[in-house]
Amino acid sequence: MMDSDRDSSLRSDDSMSIYSSITFRLAAVTLTLATSLGAQQSWSPFIGVGSISSAGRTNVAAGASAFVVEPGALVESSRGSVLARWSSPVTATTVDLTDADLAGRLRLLSSRRLETSFFASATYDHSAFNTMATASSSARLQIGTLSPARGFQWAAGVDGWRSNVTGNGVVVPATSISGWIRRFGLSFTAELSARGLPGSTSVKGDTIGHGWILDSASLARTADQLRRDTLHGPVFPFEPGDPIYGTKRVHDDHTFGDAVLRVSGMLMSLGIDGQAGTGVATGGRVRSYGSVILTRWISPGFALTGGVVVQPPQPGAVGGRTGALLGIRLAPGPHLFPHFVNAPKVGAASCSVLMSEGGATIEVRAPAASHVELSGDFTRWTPASLERGKGDRWTLTTRLSPGVHRFVVRVDGGSWLPVPGLPQSVDAYEGTVSVIVVP
Amino acid sequence: MRTPRAIVTSFLILMFASLAGSAQEARLKSALDAETYAKVSKMTDSARAESLPVDPLIGVALEGAQRRAPGSRIAGAVRDYLAALRGARAALGSDAAPAEIVSGAGVLLSGVSSDALHRIRLAGTRRPLTVPLVVLADLIARGVPKDTAARAIEAAARANARDDDYSALRRYVEQDILAGASPAAAAMLRVRGITGGPPLE
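Going line by line, the protein sequences match chains A and B.
For the first sequence, numbering that gives the first Met the number 0 begins at 0 and goes up steadily by one.
For the second sequence, numbering that gives the first Met the number 0 begins at 0 and goes up steadily by one.
Check each hint, because a few of them may be wrong.
Claimed, not checked - Computed footprint of chain A on chain B; a stretch qualifies when at least three of its residues, placed anywhere within it, have a C-beta under 8 Å from a C-beta of chain A:
#: 1; segment: 72–85
#: 2; segment: 99–109
#: 3; segment: 137–150
Claimed, not checked - Residues on chain B that point at chain A, a partial pick, calculated with CB under 8 Å:
#: 4; residue: 26
#: 5; residue: 54
#: 6; residue: 58
#: 7; residue: 59
#: 8; residue: 61
#: 9; residue: 62
#: 10; residue: 63
#: 11; residue: 65
#: 12; residue: 66
#: 13; residue: 133
#: 14; residue: 134
#: 15; residue: 169
Hints in this document: simulated from the structure, not taken from any laboratory.
Backbone N, C-alpha and C define an ideal beta-carbon position, used for all residues, glycine too.
The shape of chain A in the complex, shown without the other chains (with noise of 0.2 Å):
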């Protein structure tokens, strides 16, 4: 019976380290080949210091260790967008914090006003700090609204998780309603979201209401875990058997309901990234969550960033995180890479202009947008909508006089921003703008 159990758990660690790292590999495969086949990507590291609080301990990383690498790829079309990304610190000794995304954002149908998708997407999140190593993902149908400045969302799917130190593996049904509205270049979103109960007796370790103490063979089964998933030699906060927790009591109660309010994008030349949520979970326990993360752009890819962030426990997680980072992050434009995809509605992909007599034709293409607008010189800087032409293309015809010509552009409502392809420029407000030479 024993060795039959060891046996079971031995085939459950291996399952679970393929399915730890298989966003990991799918995000590292999606973004050599959206690489090489050209789409956008992005570098964005991070220097700086920053701490990391869980389960009662606390780690202070600096210099070398906190700087981070965040690669990514975004793959854009008129049917949706597909994101990898991960972020990990460029270090030989410890690996505190790798994460790794896939996600993908497929239109189905869509009208005038209303729009149908499927949303998919795959985090792997790996702390050594925290003997946490937990994979999460979901799958959406979702149904919205194609307003340019604000609308809704609809969405009704599931949820998965495993995780390292329980080695529970858990599939829920979960649903949410989100409205959101963009009002001085920032993106206000309030969303309600409910999953349902897993089933306590079809997962193992898995108890509602109340925790359970980990033995030394799982602190083992933990360690090894660690070892085998740990990309650069890591430097374990424990040996196995160890009973660093053998008195602790793990928590692992699942939200079922979770309010949350963000904000998001640029003000001037400050990027505000920002939330502030409740769950309520199992036992009637109501968490607060919150996080602000403030940039504040010197030049173009240059920026001094830092913020504090409250995470609740991940499902199947020792405890909640709390952290702090201070630095800054170089970056190719002044804005970041976009880490969601999950939005009906996304940047321009690229800007061409055709020269006429006295004027020009400038076509913005610009994947999935339902409304995009300019604001230049040639417009006394008061937003003039692109008209839209075939499939993802936008085009406005104006005159333009000999000269030096600066304009943004705006996808929906979102940040004003410059376009891909045409060259850029500093504006007197710490932003960038496009330029056109008409000669």
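Chain A is already provided as a structure; the job is to place chain B on it using the hints.
For chain B alone, coordinates are given in the frame of chain A:
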């Protein structure tokens, strides 16, 4: 002697120009608060008196209003731009075309020294500098160190590069950076395609 038709045509052109200017002023007045408008108007009047391009200054103010910048910030941006226009004309020469002055101002605002701008003027006397200076500002915006970018454009101007050459330089550097090359290395390497010489040190 002017014909009546030429006189009427000149009158109509002046009238439309005046109306366009009035429309621009009205737009500026409605977009700014009274105090900021007074400051900006004073600066545009100065620019007009010095025969500097005025439209870009109004554009800077309107852009600030669109971005909801505070009035003091708008006035400061217009002041900086006016200084950059003056600096560009000083560096490029009194015979510089308005478009060259505007693109030169953009370069100065990107952090390039007026000496470097003057060297580019001396290196490229045979062709207009509007496109080279726009490409210079673009290279800096993409992360090429300003001294490296200025020397690359100066080398290209010395090699009598055409506007198409500069556009190609910008495009290739952009591609190289996206492919993972460092901006400085990309600029130094690609300018060889124009100069035909060894890479810039």
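Checked hints:
1. 72–85: holds (count 5)
2. 99–109: holds (count 5)
3. 137–150: holds (count 5)
4. 26: Holds: closest Cβ of chain A sits about 5 Å from residue 26(B), inside 8 Å.
5. 54: OK, holds: residue 54(B) within 8 Å of chain A, min 7 Å.
6. 58: With a minimum Cβ separation of about 4 Å from chain A (threshold 8 Å), the hint on residue 58(B) holds.
7. 59: It holds, given that the least Cβ distance between residue 59(B) and chain A is near 5 Å, below 8 Å.
8. 61: Since chain A brings a Cβ to about 4 Å from residue 61(B), closer than 8 Å, the hint holds.
9. 62: holds (5 Å)
10. 63: holds (6 Å)
11. 65: holds (5 Å)
12. 66: With a closest approach of 5 Å, the residue 66(B) hint holds.
13. 133: Holds. Min distance 5 Å.
14. 134: holds (6 Å)
15. 169: This interface hint holds because 6 Å falls under the 8 Å limit.
Hint compliance for this structure: no hint is broken.
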